[in-house]
Amino acid sequence: MRKTMTSMLAGIGLVLACGTSVYAQDKELTIFWAEWDPANYLQELVNLYEAESGVKVTVETTPWSDFQTKAFTEFNAKGSAYDMVVGDSQWIGAASEAGHYVDLTDFFNKHNLKEVMAPATVKYYAEYPSNSGKYWSIPAEGDAVGWSYRKDWFEDPKEMEAFKAKYGYDLGVPKDWKQLRDIAEFFHRPDEKRYGVAIYTDNSYDALVMGVENAIFSFGGELGDYATYKVDGIINSEQNVKALEAYKELYSFTPPGWAKSFFIEDNQAITENLAAMSMNYFAFFPALINEASNPNAKATGFFANPPGPNGDQFAALGGQGISVISYSQNQEEAMKFLEWFIKDETQKKWAELGGYTASAKVLESPEFQNATPYNKAFYETMFKVKDFWATPEYAELLIQMNQRVYPYITGNQGTAKEVLDSLAADWNATFKKYNRVK
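Under our numbering, the first residue of the sequence shown carries the number 21, and numbering increases by one thereafter.
Since no wrong hints were added, every one of them can be taken at face value.
Taking CB as the label site, the calculated pair distances span:
#, residue 1, residue 2, range
1, 317, 265, 30 to 38 Å
2, 284, 195, 27 to 35 Å
3, 351, 214, 54 to 62 Å
4, 151, 458, 14 to 22 Å
5, 258, 403, 22 to 30 Å
6, 415, 181, 46 to 54 Å
7, 457, 293, 48 to 56 Å
8, 284, 389, 26 to 34 Å
9, 351, 306, 28 to 36 Å
10, 89, 189, 43 to 51 Å
11, 279, 390, 32 to 40 Å
Keep in mind that the hints were calculated from the coordinates and are not lab data. For each residue, glycine too, the CB sits at the ideal point set by N, CA and C.
Make the full structure from the sequences, and use the hints.
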């Protein structure tokens, strides 16, 4: 892109003032990411880096629908089109084992990022294999599943009185999954075209699985042992059976036609006066506090995924880490960029622009927590997140979970125990096929 003579001279002057050679302006870096608002915020952020360093950084985007395909096509061709990628957390196993990502372990340890970033983001965005101390990404865009709700419905005196009479406790933000279920039941009034809750149900990728994970993790369950690949007695545990039953019951309180719903529909549940509460990734909450996109913006509140019956409180992880591509011809410059990206002041600016920082220091600051109506819930959540399998065969595992869980949740087929026993058998067979287990 051409610059005006004035801007070029200003840029040269700034570079010289910073003690950087004019030659640095010839350096360019390309970061690949999906097409969504956080990528736009990242471009704003990296423009500041260009002003400081003279190195131009471009955030190249593509629609989410072909993000993974396009990225791995380039990786497998050992192409150098991208220097860095903000890749999904599940990619880390496949990308690291295939040699697509640069090993960032030394960088991670040198900058003590295990302490700088929220612990859960280190575990799921950066480390592979699990508990190995090997790192391949820098936590970049934190995200997780949270909840929005209609404050005006919750705070209506008549509703509060009726709820207290029926359930014996005050109507408010649910303190656990039982209260979440009670509130969903209470507001479920099909004859009034008002419904209790909106949850993820789309089985075309990971929506339904991420939704179910919110129940599983908060009921004290796990998907398996990520270090040993053991799944028997874990994915089909008693806790997970109860969690799956609880998620299925929530589905009974959703609006009609809710069997293929993801982030667009779940935001619409709030904006179109359909549901009292709605599950969604925090990345999609900015639209709910914008009166242009949500007529109920002033009446919309937010809360973290509530604890399960034994006090366990976790949420399904979203978001991504940023990795350096092994085939980049600008790896040295990319590492310099990462050193800038992890600085406290950069992470603070990242949050101010609208990015979801993973920096523990920024997340814990009152300034961050009070910046938006949902930031405090986001802070609480990012220290309590868990993720799906990150092994190279994760896509097969995801498909198998969708195939087992979806008919049960939306079609009332089988029992939760039968579903999870079958899923355990599927996953065992997959791990044997890839020689993860004997």
